[in-house]
Amino acid sequence: MSTAVDDDLWSAIGDPTRRTMIDLLLAGGSGTATALSERLPVTRQAVSKHLAVLDRVGLVHAAPAGRERHYQVDEAQLARAVAQLSEVGATWDARLRRIKQLAEEIERNRTDNQEEGE
Amino acid sequence: MEHGTIERDIHIEASPEVVFEVVSRPEHIREWWPDDAQLEPVAGAPGELVWRDAETGETTTVAMTVVEVDPPRRFSFRWCFADPNRSGPSLLVTFDLVPADGGTRVRMTEAGFREMGWEVAVLEEHYADHVTGWDHYIPALGAYVDRLVSAS
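So the protein lines, in turn, are chains A and B.
Note that the numbering used here gives residue 42 to position 40 of the first sequence, counting from 1, and the numbers run on in steps of one.
Note that the numbering used here gives residue 277 to position 136 of the second sequence, counting from 1, and the numbers run on in steps of one.
Don't read these hints as lab results, they were simulated from the structure.
Any given hint could be a false lead.
Just the calculated beta-carbon pair ranges, DEER-fashion [stated by the list, open to error]: (1) N115(A) <-> R171(B): 21 to 29 Å; (2) Q116(A) <-> G185(B): 30 to 38 Å; (3) E181(B) <-> A54(A): 21 to 29 Å; (4) A54(A) <-> S228(B): 39 to 47 Å; (5) R171(B) <-> E117(A): 24 to 32 Å; (6) V183(B) <-> R21(A): 13 to 21 Å.
If we take Cβ atoms under 10 Å as the criterion, some of the chain B residues that face chain A in the derived model are [stated by the list, open to error]: (7) V163; (8) T235; (9) F236.
With the Cβ distance kept under 8 Å, some of the chain B side facing chain A (calculated, not the full set) [said to hold, decoys possible]: (10) I151; (11) I153; (12) V159; (13) V164.
C-beta: ideal position from N, C-alpha, C; glycine also.
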């Protein structure tokens, strides 16, 4: 649809805690819920919930390693989120060109009508 | 430069009065944006933007709320609400019209990405800190920032 925004993806990265988690995962290459919770002011349970949200929209992938799952950022999916932002800009360019066309057309018609009336 | 905002300037060879009508009246809005628009250009009035799938005929309705109506200078509205009842984070679109060279200079800003989604600022910070692994999205990010810079 024309908003060019994937709602689930945007709400997944719209949360500051989840953004920080992506930051940490990118910096460290990968991480577990326990490791992330040690660096965040939230519980391990909360981190797990956030990871589930990120996993659902494909921003992170989990690989089992020992007793815990190791999470990694899906860079292609993150790139997609960023591309959507630039796409929003491009769609506004198109809308504004159309606004210009419409307004100039109306203006010309009004001027023509005035001249005919004189 | 505000990273969470999209800004565009365009010159239109028409009076601010005409441009104001085109950006604020539903019969014009449906010509440049959705397939249908229902709204009253009155501050605080709720409106709807409707898109129709050409193949299936299915419609998607998006809620919006008119914020400011100051003809022929400013028209603004909110849309993309996080909550269906027109609350929570949203995007604020503002059209500022200024008479210029016998026509109108239009500045469109769409703000709220900082609250809604991933910040370009954060991405840039990342880029500086961890260049490796970011090759994927730098082209997209670069194009976006270029446009922001050229528009400001």
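Going down the list of hints, with the structure as the test:
no.: 1; hint: N115(A) <-> R171(B): 21 to 29 Å; result: holds, 24 Å
no.: 2; hint: Q116(A) <-> G185(B): 30 to 38 Å; result: holds, 36 Å
no.: 3; hint: E181(B) <-> A54(A): 21 to 29 Å; result: violated, 42 Å
no.: 4; hint: A54(A) <-> S228(B): 39 to 47 Å; result: violated, 25 Å
no.: 5; hint: R171(B) <-> E117(A): 24 to 32 Å; result: holds, 29 Å
no.: 6; hint: V183(B) <-> R21(A): 13 to 21 Å; result: violated, 37 Å
no.: 7; hint: V163; result: holds, 5 Å
no.: 8; hint: T235; result: violated, 12 Å
no.: 9; hint: F236; result: holds, 9 Å
no.: 10; hint: I151; result: holds, 5 Å
no.: 11; hint: I153; result: holds, 5 Å
no.: 12; hint: V159; result: holds, 5 Å
no.: 13; hint: V164; result: holds, 6 Å
In this structure, the hints that do not hold are numbers 3, 4, 6 and 8, in rising order.
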